[in-house]
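If you read the protein sequences in the order shown, they are chains A and B. Count along the first sequence from 1, add 44, and you get the number used in the working numbering. Count along the second sequence from 1, add 62, and you get the number used in the working numbering.
Since the hints were made in silico from the structure, they are not lab data. A hint or two may mislead.
[Claimed, not checked] Restraint-style ranges between C-beta atoms, simulated for each label pair:
(1) Arg102(B) - Asn529(A): 40 to 46 Å
(2) Ala168(A) - Asp131(B): 31 to 37 Å
(3) Arg137(B) - Asn616(A): 52 to 58 Å
(4) Asp101(B) - Asn427(A): 45 to 51 Å
(5) Leu377(A) - Arg94(B): 32 to 38 Å
[To be verified] Covered stretches of chain A (in silico footprint by chain B; criterion: 3 or more residues with CB under 8 Å from a CB of chain B, positions within the stretch not fixed):
(6) 133 to 142
(7) 166 to 177
If you're wondering where the values come from, they're calculated on a predicted model, not measured in any experiment. We put the beta carbon where it would ideally sit given N, CA and C, even for glycine.
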Amino acid sequence: MSKTKQKGRLVFRGRSASPGRAAGPAFMYLQPTADASGAAEEDTSAREPDARPGPEAEFRRLSEAIEEAADEISRLKERALAVVGEAEGAVFDAHLLILRDPELERRVRERLAQGERAEEAVRASCDEFARELEALADEYLSQRAADVRDVERHLLRVLRGAAGVVEDLSLENLPPGSVLVAVDLAPSDTVRLDPEAVAAIATARGGPTSHTAIFARAMGIPAVVGAGPELLAGAQTGETVLVDGEEGLVIVRPKEDEVASARAPARTTPAPQRTPVGGTPDRSLAGSATESRTRDGWRVEVAANIGHPKEAEAAIAAGAEGVGLMRSEFLFLGRTSPPSEEEQYEAYRAVAESFGDRPVIIRTLDVGGDKALPYLEFGPEANPFLGWRGLRVCLDREELFRTHLRAILRASAHGNVSLMFPMVAGVEEVRGAIAQVDKAKADLQASGPGSSPDVRIGVMVETPAAALLAEHLVREVDFLSLGTNDLTQYTLAVDRTNERVARLYRESSPALIKLIATTVAAARQAGRRVGVCGEMAGDLSFVPLLVGLGVDELSVSVPRIEAVRQRIAGLNRDACVALAERCLECATCDEVDELLAAV
Amino acid sequence: MAEARAQVLHPTGLHARPAVLFVNEAQKYKSRIFVVSGDRVADAKSILSVMSLGATKGTWLTIRAEGPDAAAAVRRLAAIVSTRLEWEPGEEDEEEDE
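With the rest of the complex left out, here is chain A (with noise of 0.2 Å):
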């Protein structure tokens, strides 16, 4: 880093990365990059030059260290998993098969039976990959690159010894507050950071669709990104920087009234809960996320989607307040008899333990003949969609049905668990349900102590007669839940699979936003609460209509809770309600796309 003299103010354009305004400490973060190979080249030197050890004990040393390597990537992807989600995890995945490349592997072996030392082969050899990689004009690829230079850096760095490790441990130890300034930043990196210390993100390279920007976005943290070079010679660590995201601006040694102002409305803002990236994902956090609410203090819980127990720690860590859509199929698909009472309670307990006080609401089994089981005789449908499916087969298949639910009752003995149905028409089928949940409840009082007796009970609202029929159904139960895929499916009638009609698909209609504010109106008159569980509710264009429609609770794909939160903090209710109603006027989805764009 070169030290400049120069002590005014300066102003870096950049490209906005990711929104919202932070000022605070630089920390100059200057990672050895394979470019900056000469810390690698002085390791060397210092062996001693006689003692050089032959191309077999070298390579000894080069697998020892790829395992090694494995090991912390392995490590990463877990931590990267459970904090950021499952996109993030699967570049690691990306880095384990690069460390044990089987072509790299070659060229390295060719390098060092011509006497080179491991660190030298390994360099040259990653470096010869990126190059051809960045060759290819394909912005996919050039990221790819990256992914090379990243695992070169953890195996150097492994070669190298503990020595090597000081950068990262500095980058695990940031001070609360720091503005992060650096070359660009590696999925190895960012994995390390603590992001309740990360202020804001400034790099002198990288576009917006880099790792750095999808990392800072998936946060919440303002960042810049390509703002030159020359921000890593313009600042110093422990100088004043504020990244301004809206703009794309970087100012190092900002004025005092601009650091107030970037400070302002970061104060006002609740924090999202987010785990420290340096710990594991952790179960008393099951008592502790902060309340999602809009910036005017409206409540509007952020809960998870997940088809599986073992996303509810990573649904946890990513902030969720609850699971507003466990799904059974996991339990049922991929075997031939149906699953165990036993087996079935095991599953759901593990969730319900997990997630403590928050609520957990199971959806029953959801299958139909687009999916069909060998156990359930699924005949050949003409409209599997429009066939025997989700409710429908459990009421038909007692038996199943009714263990299925025993083992759901017993689950909430251990949490705080609702249950749901889904693919619900009328009242008739509702009311069939419920007489087996207390069937169920029965059964297990006669076979000793057992279930909690407060299993809140939830409809799907997903065709378009259970949201017309929403004030009668939800006088039946506890709540709705609004399934926006199969509401808007039936609604317009579009098979989305269908590329002849997949556009017609189109959650801006406003038939379908009639339907959502129909059921969400009947819930609240009946003093109930509405959820939305589809897509729609991950989806951030739509989020301040769903608000402004007033639904209780959006549940979405652990990877965009985090997102989602941020919206909501950002956005006004009565601003939203204003919209909710404008939207309810419009005539067609284009009216309605303006309308939400200009939010």
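Position chain B against the provided structure of chain A, taking the given hints into account.
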């Protein structure tokens, strides 16, 4: 020896997650497996050489295998190449200004 042709249909091409899937699967077979794109040949078990093919959406690839499980390997890998599933959603426009 077994051989099959397949077109890359995944929106991001044969890199990122689809490449991980492809290479992980290739490594399960005993056969030597090659991927041919134009005049370039890659070892199907090497993610670096597979990615270096630069196989974007629409590219036709030939998968060639030699060994005891060649036929199964070729069939399975061709199916992965032409899958559209496991797609990564594009970068959403996450403008937060109200």
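Lying within 45 to 51 Å: is that true of the beta-carbon distance Asp101(B) to Asn427(A)? At 49 Å between Cβs, range holds.
Take the C-beta atom of Arg137(B) and the C-beta atom of Asn616(A), compute their distance, and say whether it sits inside 52 to 58 Å. Because 56 Å falls inside the window, the suggested range holds.
With a C-beta cutoff of 8 Å, work out whether three or more residues of the region 133 to 142 of chain A approach chain B closely enough for the coverage to hold. holds (count 5)
Closer than 8 Å, Cβ to Cβ, for at least three residues: run that test on the region 166 to 177 of chain A against chain B and report holds or violated. holds (count 3)
When you take the CB atoms of Ala168(A) and Asp131(B), is the distance between them in 31 to 37 Å? The hint (31 to 37 Å, Cβ to Cβ) holds, given that Ala168(A) and Asp131(B) are roughly 35 Å apart.
Between Leu377(A) and Arg94(B), does the C-beta distance stay in 32 to 38 Å? With Cβ atoms ~35 Å apart, the hint holds.
With 40 to 46 Å as the target window, see if Arg102(B) and Asn529(A) comply at their CB atoms. 41 Å, holds
In summary, the structure agrees with every hint in the numbered list given earlier.
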